[in-house]
Each structure stands twice: as C-alpha cells, then as structure tokens.
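Peer 1: Turn these sequences into a full structure, and let the hints steer you where they fit.
Which chain is which? The protein sequence lines are A and B, in order.
Going by our numbering, the first sequence opens with residue 302, and the numbers climb by one from there.
Going by our numbering, the second sequence opens with residue 37, and the numbers climb by one from there.
Warning: the hint list may mix true and false statements.
[Unchecked claim] Partial selection, computed: residues in chain B whose CB lies under 7 Å from chain A: (1) Glu81; (2) Leu120; (3) Glu123; (4) Ala131.
[Stated by the list, open to error] Calculated cross-link-like contacts (lysine-lysine; reagent style DSBU-like; alpha-carbon spacing at most 35 Å): (5) Lys156(B) <-> Lys40(B); (6) Lys167(B) <-> Lys401(A); (7) Lys145(B) <-> Lys40(B); (8) Lys122(B) <-> Lys367(A); (9) Lys40(B) <-> Lys166(B); (10) Lys156(B) <-> Lys145(B); (11) Lys156(B) <-> Lys367(A); (12) Lys167(B) <-> Lys40(B); (13) Lys375(A) <-> Lys48(B); (14) Lys145(B) <-> Lys167(B); (15) Lys386(A) <-> Lys48(B); (16) Lys375(A) <-> Lys167(B); (17) Lys48(B) <-> Lys156(B); (18) Lys48(B) <-> Lys367(A); (19) Lys386(A) <-> Lys145(B).
Worth flagging that the hints you see were computed from the coordinates, not collected in a lab.
Bear in mind that the values here come from a model prediction, so they are computed numbers and not experimental data.
A virtual CB, placed ideally from N, CA and C, is assigned to each residue, including glycine.
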Amino acid sequence: MNVTINQKENNYHVILEGRIDTTNADQFQHEIEPLMTAKDANITIDCAAMEYTSSQGLRTFLMLQKSVIAHNGKLELINMQPQVKEIFDITGFSNIITIK
Amino acid sequence: MYAKRFEPIAGKGAEIIEYLMTSPDMPDSQELQFKIRLAIEEIVENIVRYAYENGSGYLEASTEMCDGYIRISFADAGKPFNPLEKEDPDITLSAEDRSVGGLGIFLCKQLMDSVVYEFKEGRNTLTLIKKINSKEDE
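Peer 2: Next up, the structure:
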C-alpha cells in the first residue's frame with residue numbers, strides 16, 4: 302500500500318496504490334492523517350491502483366468523510382476499480398462518499 | 037478435506053488467510069477469489085483478535101467442495117461468540133450518523149451465499165458457503 306499526497310493550497314490530490322488490509326490499515330490511517338485535519342480542503346483520491354480494501358480500510362474512509370464534513374471540505378474518490386467499487390456499494394459507502 | 041490447525045493464533049492472521057486462499061478448492065475466478073478473500077479476512081481477524089484473551093488458543097481452518105459450493109470453516113475453543121447475532125449496520129444513514137465499526141461481519145454475509153454459526157462441544161464453528169460457478173456459467 303502506498304499513499305502519495307500532493308498539496309497545492311487547499312487542493313489535495315492523493316494517489317492510493319495497492320491493498321488496504323489488516324496488516325496496513327493503521328499505516329493507511331496514519332498516512333492520511335493530514336487530510337483529516339485540513340480545513341476547507343478539496344480532496345481528490347485517485348483509486349485507480351487501489352486493488353483491495355477490507356472493512357478496516359472502509360472504516361478509515363468513513364472517518365475521513367466525517368472529518369471532511371466537519372472541516373467544511375470536499376472529498377471525491379475517482380477511477381475506482383469495479384471490484385472495489387462493489388464493496389463501497391454493498392456497504393452503502395457509495396451513498397455517503399462521492400465516487401466518480 | 038483441506039485443513040490445518042493453527043496454534044497459537046496470535047499474529048497469524050495473514051498466514052491463515054494465505055493458507056485458505058491457496059486451497060485447491062479455491063476457484064480460478066479472480067472475482068470470486070477477491071470476494072472470498074475479503075470474507076475470510078474479516079472472520080480470521082475477528083477470531084485472532086477476540087476469541088482468546090491472549091491469542092494463545094487455536095483455530096482450525098478448512099475448506100471443502102460440496103455440490104458446486106465451496107465451504108470454508110473455522111473452529112476455535114475461545115469464548116462463545118455468534119457473529120451473526122450482531123445487528124447489521126444501517127446503510128441508509130448519512131456519513132455523520134454512521135458508526136465506523138461493525139462492517140466486517142456484514143460484508144462477509146453480503147459476499148457469501150450463506151454463513152452458518154454453531155456452538156458445539158465447547159467450540160465456535162463458523163462456515164462460509166459460496167457457490168462456485170462452472171466455467172460455462174461465467
């Protein structure tokens with residue numbers, strides 16, 4: 302799993318690669334920590350190379366969405382692979398997080 | 037039957053998942069493997085974390101094929117726990133109102149055709165059942 306965050310003022314472009322599972326869910330949460338505290342942030346996460354997420358990864362996405370709302374920001378997930386998108390659909394996460 | 041006993045289970049989550057995913061019963065379909073891996077991971081992690089006070093107990097993991105269905109079973113002698121009694125999360129709630137936990141078992145139930153729990157002879161046994169399409173059906 303690899304997270305790359307490119308920041309330009311309030312805009313955050315994030316590239317998320319690999320698998321989020323039990324072995325690295327804590328690391329994932331730690332790495333996106335800066336996004337959880339940013340105010341008025343405009344966050345785009347490119348999920349093209351994200352291959353898998355367990356419920357622990359989903360948890361972190363929900364925490365991020367909650368903090369983005371609380372900080373008056375915007376979050377969008379883009380280019381998600383169909384298999385991963387299905388997990389977001391099944392859990393209702395597609396309704397609470399913008400996926401494009 | 038493809039089966040192995042892991043003891044103690046502390047820190048062995050990834051090893052148990054890999055053992056099951058390399059079973060000869062596992063379908064070739066990448067899509068099915070994705071779903072099965074996710075379901076297995078949710079169960080294994082629950083057992084490794086919560087079944088025993090200190091992770092010193094065992095987990096028996098096995099797979100078998102039965103009438104076109106793969107059955108993946110887990111048995112432990114930890115405290116009795118029926119994950120199916122857990123209430124499903126309300127997936128219609130807004131992000132603000134949703135709680136961050138309780139997704140693992142729900143996902144597992146959604147991804148499998150059925151999930152069966154039994155407590156017998158002092159053991160929790162949980163079986164995941166998923167239909168494996170034949171090549172022609174795919």
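Peer 1: Now, for every hint given, state plainly whether the structure supports it.
Peer 2: Right, here's what the structure says about each hint:
no. : hint                    : verdict
1   : Glu81                   : holds (5 Å)
2   : Leu120                  : violated (16 Å)
3   : Glu123                  : violated (15 Å)
4   : Ala131                  : holds (4 Å)
5   : Lys156(B) <-> Lys40(B)  : holds (19 Å)
6   : Lys167(B) <-> Lys401(A) : holds (31 Å)
7   : Lys145(B) <-> Lys40(B)  : holds (24 Å)
8   : Lys122(B) <-> Lys367(A) : holds (24 Å)
9   : Lys40(B) <-> Lys166(B)  : holds (20 Å)
10  : Lys156(B) <-> Lys145(B) : holds (21 Å)
11  : Lys156(B) <-> Lys367(A) : violated (42 Å)
12  : Lys167(B) <-> Lys40(B)  : holds (23 Å)
13  : Lys375(A) <-> Lys48(B)  : violated (39 Å)
14  : Lys145(B) <-> Lys167(B) : holds (13 Å)
15  : Lys386(A) <-> Lys48(B)  : holds (29 Å)
16  : Lys375(A) <-> Lys167(B) : violated (40 Å)
17  : Lys48(B) <-> Lys156(B)  : holds (24 Å)
18  : Lys48(B) <-> Lys367(A)  : holds (32 Å)
19  : Lys386(A) <-> Lys145(B) : holds (17 Å)
In this structure, the hints that do not hold are numbers 2, 3, 11, 13, 16, in rising order.
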